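Visitor: Heads up: the protein sequence lines correspond to chains A and B, in order.
Residue 100 is where the first sequence starts when you use this note's numbering, and the numbers rise one by one after that.
Residue 100 is where the second sequence starts when you use this note's numbering, and the numbers rise one by one after that.
Quick caveat, the hints were computed from the structure, so don't treat them as lab data.
As the structure is a computational prediction, the values presented were derived from the model and not from experiment.
Check the hints yourself; a few may be wrong.
For lysine-lysine, the following DSS-like pairs were computed, each having C-alpha atoms within a straight-line distance of at most 27 Å [said to hold, decoys possible]:
(1) 652/B to 450/B
(2) 245/B to 104/B
(3) 505/A to 586/A
(4) 245/B to 171/B
(5) 521/A to 521/B
(6) 505/B to 505/A
(7) 450/A to 492/A
(8) 157/B to 505/A
(9) 171/B to 586/A
(10) 646/A to 171/B
(11) 104/B to 196/B
(12) 245/A to 157/A
(13) 104/A to 196/A
(14) 492/B to 521/A
(15) 157/A to 171/A
(16) 505/B to 450/B
(17) 196/A to 171/A
(18) 221/B to 171/A
(19) 196/B to 221/B
(20) 157/A to 196/A
(21) 521/B to 492/B
(22) 196/A to 221/A
(23) 586/B to 652/B
(24) 646/B to 586/B
(25) 171/A to 104/A
(26) 652/B to 505/B
(27) 196/B to 171/B
(28) 521/B to 492/A
(29) 646/B to 171/A
(30) 157/A to 492/B
There are 2 protein chains.
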Amino acid sequence: MKNGKRLLIVGGVAGGASCAARARRLSEEIEIVLLDRGPHVSFASCGLPYHVGRVIPKEASLLVATPEVFEKRFNIRVCLGTEAVRIDRVDRRLEVKDLGTGETRHEPYDWLVLSPGAHPVKPPVPGLDLPGVFTLRTIPDTRRIKGWIADRMARRAVVVGGGFIGLEMAENLVRLGLEVTVVEMQPHVMPVLDPEIAVALHEELSRHNVRLRLNEALAGFEEADGGRLGVKLASGAEEEADLAILAVGVRPETGLAREAGLELGDLGGIRVDEGMRTSDPRIWALGDAVEVRDAVTGRWTLLPLAGPANRQGRVAADVILGRDARFRGVQGTAVVGVFSLTVASTGSSEKALRRRGLWDGPDRLEKVYLHPGHHAGYYPGASPITMKLIFSKESGRIVGAQAIGKEGVEKRIDVIAMAIQKGGTVFDLEEAELCYAPQFGSAKDPVNMAGMIAANVVRGDAGVFHWDELEGSGAFIVDVRDPAELKGGRIEGSVNIPLSDIRSRMSELPRDREIWTYCFVGQRSYYAARILAQQGLAVRSLSGGYKVYTLGKALLRT
Amino acid sequence: MKNGKRLLIVGGVAGGASCAARARRLSEEIEIVLLDRGPHVSFASCGLPYHVGRVIPKEASLLVATPEVFEKRFNIRVCLGTEAVRIDRVDRRLEVKDLGTGETRHEPYDWLVLSPGAHPVKPPVPGLDLPGVFTLRTIPDTRRIKGWIADRMARRAVVVGGGFIGLEMAENLVRLGLEVTVVEMQPHVMPVLDPEIAVALHEELSRHNVRLRLNEALAGFEEADGGRLGVKLASGAEEEADLAILAVGVRPETGLAREAGLELGDLGGIRVDEGMRTSDPRIWALGDAVEVRDAVTGRWTLLPLAGPANRQGRVAADVILGRDARFRGVQGTAVVGVFSLTVASTGSSEKALRRRGLWDGPDRLEKVYLHPGHHAGYYPGASPITMKLIFSKESGRIVGAQAIGKEGVEKRIDVIAMAIQKGGTVFDLEEAELCYAPQFGSAKDPVNMAGMIAANVVRGDAGVFHWDELEGSGAFIVDVRDPAELKGGRIEGSVNIPLSDIRSRMSELPRDREIWTYCFVGQRSYYAARILAQQGLAVRSLSGGYKVYTLGKALLRT
Chain A
100 MKNGKRLLIV GGVAGGASCA ARARRLSEEI EIVLLDRGPH VSFASCGLPY HVGRVIPKEA
160 SLLVATPEVF EKRFNIRVCL GTEAVRIDRV DRRLEVKDLG TGETRHEPYD WLVLSPGAHP
220 VKPPVPGLDL PGVFTLRTIP DTRRIKGWIA DRMARRAVVV GGGFIGLEMA ENLVRLGLEV
280 TVVEMQPHVM PVLDPEIAVA LHEELSRHNV RLRLNEALAG FEEADGGRLG VKLASGAEEE
340 ADLAILAVGV RPETGLAREA GLELGDLGGI RVDEGMRTSD PRIWALGDAV EVRDAVTGRW
400 TLLPLAGPAN RQGRVAADVI LGRDARFRGV QGTAVVGVFS LTVASTGSSE KALRRRGLWD
460 GPDRLEKVYL HPGHHAGYYP GASPITMKLI FSKESGRIVG AQAIGKEGVE KRIDVIAMAI
520 QKGGTVFDLE EAELCYAPQF GSAKDPVNMA GMIAANVVRG DAGVFHWDEL EGSGAFIVDV
580 RDPAELKGGR IEGSVNIPLS DIRSRMSELP RDREIWTYCF VGQRSYYAAR ILAQQGLAVR
640 SLSGGYKVYT LGKALLRT
Chain B
100 MKNGKRLLIV GGVAGGASCA ARARRLSEEI EIVLLDRGPH VSFASCGLPY HVGRVIPKEA
160 SLLVATPEVF EKRFNIRVCL GTEAVRIDRV DRRLEVKDLG TGETRHEPYD WLVLSPGAHP
220 VKPPVPGLDL PGVFTLRTIP DTRRIKGWIA DRMARRAVVV GGGFIGLEMA ENLVRLGLEV
280 TVVEMQPHVM PVLDPEIAVA LHEELSRHNV RLRLNEALAG FEEADGGRLG VKLASGAEEE
340 ADLAILAVGV RPETGLAREA GLELGDLGGI RVDEGMRTSD PRIWALGDAV EVRDAVTGRW
400 TLLPLAGPAN RQGRVAADVI LGRDARFRGV QGTAVVGVFS LTVASTGSSE KALRRRGLWD
460 GPDRLEKVYL HPGHHAGYYP GASPITMKLI FSKESGRIVG AQAIGKEGVE KRIDVIAMAI
520 QKGGTVFDLE EAELCYAPQF GSAKDPVNMA GMIAANVVRG DAGVFHWDEL EGSGAFIVDV
580 RDPAELKGGR IEGSVNIPLS DIRSRMSELP RDREIWTYCF VGQRSYYAAR ILAQQGLAVR
640 SLSGGYKVYT LGKALLRT
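Only chain A is shown next, with the shape it has when bound in the complex (with noise of 0.2 Å):
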């Protein structure tokens, strides 16, 4: 019955190529057509800053796989240099363009799959065209940045956006040794973060001479002496550089889709369904050119990443091929290092949630704070995490994570990830079996104590004030610390009890105020906030302690 039939697939990177050799898989009859606008099939994307940075130093190891193979192992017919024009839906082909002759013909199709990925923002300012302006998304690319440091000899960039592609780039062109200065127009880089966990990453990023222009937009570029270039600002100030990298973003390839009427989304991606079907019944899109659905809250969202794209490609070859296959959605899981630091997140942020009026919804939502080492303290080398865990504060259902450190961030954000996709529960991460010895983990993992903290608040065992609460509260504050620790800074105003003496000093607290409780990292306040309680005091205690405080200020200076 498929005999004859023809698959035909634009775009090869990722969702493209993965739906290419899944429906082969599937199907040894139907004709398979891959076809890409550029040199490459299947090159390895995420790879691209760090071949710049010649962490990976041959071009040749970015190709995940090469024509030849998908021709001689798939039996797909590989087309590159190849552009799509145009859709014709009545007559089912597509329009195409070799872009090498400047021919066009046409491509029937039985089925039409669009894997076009997305094109990088350039904002509407003056200039990004000159020469030394630079954006990133193809092997091409990085052959021209590499290309343009070595023939200027270039010394200065500027990395204009601080998200992913932009903190990968500032600490690549680093490691070339470039000055580096990232400008982001949000206080904190990482916009995708809530600020008081991407905070941290400024410390690291200045410790590495990077320089951070935070709420900062970029105004235009212009022509300066020797050939440079003159970066302009938004707040007027201006920079020179040797080369400019964008990355404020990527935004959905659409044209094809649009111009052929298929149905986009609110948000300016290809609206598919669960089977990654457009509104064409021919043509199915996927990867980073369409919205997917938030498993977390439900909304249509954004998510250019491999990872759902690859899964998205197999999906889409399933549901071609009639089988029943679903796309469940994404969370958002992610990871970026930055130099010694790596920061990973899964679910929604804090942020994202306000925004979207879920924090206050009919699920109340709640957060806490902790820093747990990377594996036992009593072994040497363990590192802190700062992890932050977003629940509903009724069921104590997940609903995010994030948490930064050294090492063992984005294990801990795996496990809490696969908790997320089966609805999993505070209490399930406090009852988390995970691998312990000295070296690897704790008794209690980081995992288990997020989730007892959460689940102490869930539970009513002890409620959490937060540092962005403190501003007015009214409540007495109680620095539990050693008297030593206070050196090092303390919320104004506190008195200071440590923990071995609340039970004796208890008639020094006020009956007709909140106490609120606090220590460094959280855990001897909760403690102490146990002993208030059960005396009869409304007392709550900082979740992350002062570490998380300091953290909170460490934002309001930038």
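With chain A's structure known, arrange chain B on it following the hints.
Guide: Chain B only, in chain A's frame:
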């Protein structure tokens, strides 16, 4: 109501200490007394081998909490050097002996918690009491071992038992410059794992000059010349050594419970309900001394690990103080580092499942193997992880997983542990959204790959055969690797048809026999199997490829 009531806890490590601290957080009013026979409370028993090996140089690092902390912070009385002698259930009091003075006294209780731990198994052979024969359970044990090695300038050690503690001790003795022999009764070390996974440890141990005597039992010790120890083995072989470590497992410490008439289980542990309560409603028990439910199989089991003990301590405290808490059972998640390798597992092993008749039970089980890189192959430094996933052939429910490699091993097992905890399937692993950047993972993470390969089996897309099924199979074996790869060895009797040629050379395959394909890791043979299956051939591919086959062969040589 609780005023003046008394909680008495026997055993101050892990579970006992957790129970005490948790109970205090729940009630300021009760009296809490923690007894321990030893000189320490709440020490890091999992760190003992690393203290012997000077990785943890200071003994004080092993003291997670001191009696002073318990007394000052938690208002918990700690009695060290105090042995529990007899439970008087009628009068609700415990006879205890001060090991310093030899005096006995009675400690009354309203609630009694038994957390006595487990003691090292001592095989019934002569010479166990000779100087130089050690077990490792406490901090004083490390002192004795360290002192003996220093005093005797020990050069050779025999470790009896190749499980967790045996291998950790072997590594740490090598670290001290000793020549080490490990004696293990099973054909492979880490008997808790399946042989074809554990066997990779043999090469690693040999590479570090650890001599292995497998399939070999201890027959006894005797004095040898020069104050050395003669180690006699069941095969008649003998070794001389300066010291021997007995690490052949532990047995629940049940003397007190048995004498008091508390119910014990068939495996020799104290029987408790989900609230950790023994057959006496006033007495709880937890930790290494109790039998627990295997959450995967529903059977009783012994799992002497710190993580479950800690959680049980919390559950017991909750129940004692009137809360509805339940211990969910265990799934056997564990990890061990052996030189540069990490091996980890969660859920049941094939071995244990077969022994219990659960492999071919009503829920038929299957397994797959894979060898993914620990992160993207195009980023330098990727090292392979060998994984085994066990699942229900019908439903895809995950039953167990094992993994071995240099990096990122326990991370994948932790994610699968969470999936098992939540009743997840291989389809959940397939769809898992995990952290991906090239230095941390892959767009298709090893966990995704394991899920995809297993899901192919469950869906009937790709039948597999296993390394131990070749003999007498009558199948036509096709090696689909490139000819150059065959130099490194091949399966006898196989025919080489590279994957890229399989479509054109299909006529060489018989239609009246099953075709079994294989390659190096199992990916190309799966592709080949898909091609052939679609031509109506009965085909299966070798799960885990020639690499697992080689591991199996290595096993036969031991």
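Visitor: The structure should be examined with respect to each hint, and the outcome stated for every one.
Guide: Results of checking the hints against the structure:
Between the alpha carbons of residue 652/B and residue 450/B the distance comes to roughly 18 Å, so the proposed pair stays at or under 27 Å and holds. With a C-alpha separation of about 43 Å, the suggested pair residue 245/B and residue 104/B falls outside the 27 Å cut-off, and the hint is violated. For the proposed pair residue 505/A and residue 586/A, the alpha carbon gap of about 26 Å is at most 27 Å, so the pair holds. Among the hinted pairs, residue 245/B with residue 171/B is inconsistent with the structure: their alpha-carbon atoms are about 33 Å apart, more than 27 Å.
Between residue 521/A and residue 521/B the alpha-carbon distance is near 6 Å, which keeps this suggested pair within the 27 Å criterion. For the hint pairing residue 505/B with residue 505/A, the CA-to-CA distance comes to about 19 Å; that is within 27 Å, so the pair holds. Restraint check for residue 450/A and residue 492/A: the C-alpha separation of about 17 Å stays at or below 27 Å, so the hint holds. Restraint check for residue 157/B and residue 505/A: the C-alpha separation of about 24 Å stays at or below 27 Å, so the hint holds.
In summary, the hint linking residue 171/B to residue 586/A is supported, as the alpha carbons are separated by about 23 Å, within the 27 Å threshold. For the proposed pair residue 646/A and residue 171/B, the alpha carbon gap of about 24 Å is at most 27 Å, so the pair holds. Taking the CA atoms of residue 104/B and residue 196/B, the gap is about 22 Å. The hint holds against a cut of 27 Å. Among the hinted pairs, residue 245/A with residue 157/A is consistent with the structure: their alpha-carbon atoms are about 12 Å apart, no more than 27 Å.
A threshold of 27 Å between alpha carbons decides the hint, and for residue 104/A with residue 196/A the separation of about 22 Å falls inside it, so the pair holds. The hinted pair formed by residue 492/B and residue 521/A meets the criterion: a straight-line CA distance of about 21 Å does not exceed 27 Å. Taken as a hint, the residue 157/A and residue 171/A pair is honoured in the structure, with Cα atoms around 24 Å apart against an allowance of 27 Å. This hinted pair checks out: residue 505/B and residue 450/B have alpha carbons roughly 24 Å apart, not beyond 27 Å.
Proposed proximity of residue 196/A and residue 171/A is supported: the alpha carbons are some 25 Å apart, at most 27 Å. As the CA atoms of residue 221/B and residue 171/A are separated by approximately 62 Å, the hinted pair breaks the 27 Å bound. Note on residue 196/B and residue 221/B: the hinted pairing holds, with a Cα-Cα distance of about 25 Å set against a maximum of 27 Å. For the given pair, residue 157/A sits about 30 Å from residue 196/A by alpha-carbon distance, which is inconsistent with the 27 Å threshold.
For the hint pairing residue 521/B with residue 492/B, the CA-to-CA distance comes to about 18 Å; that is within 27 Å, so the pair holds. Taken as a hint, the residue 196/A and residue 221/A pair is honoured in the structure, with Cα atoms around 25 Å apart against an allowance of 27 Å. For a cut-off of 27 Å, the pair hint linking residue 586/B to residue 652/B stands: about 17 Å separates their Cα positions. With a C-alpha separation of about 14 Å, the suggested pair residue 646/B and residue 586/B falls inside the 27 Å cut-off, and the hint holds.
Restraint check: the Cα-Cα separation between residue 171/A and residue 104/A comes to about 20 Å, which is no more than 27 Å; the hinted pair holds. Our distance criterion of 27 Å between C-alpha atoms is met by residue 652/B and residue 505/B, whose separation comes to about 22 Å. Under the criterion of a C-alpha separation no larger than 27 Å, the hint pairing residue 196/B with residue 171/B is consistent with the structure, at around 25 Å. With a C-alpha separation of about 21 Å, the suggested pairing of residue 521/B with residue 492/A holds against the 27 Å cut-off.
Between residue 646/B and residue 171/A the CA atoms are separated by roughly 24 Å; this keeps the pair inside 27 Å, and the hint holds. Distance restraint check for residue 157/A and residue 492/B: the Cα-Cα separation of roughly 43 Å exceeds the 27 Å cut-off, and the hinted pair is therefore not satisfied.
In summary, the structure is inconsistent with hints 2, 4, 18, 20 and 30 from the numbered list given earlier, while agreeing with the others.
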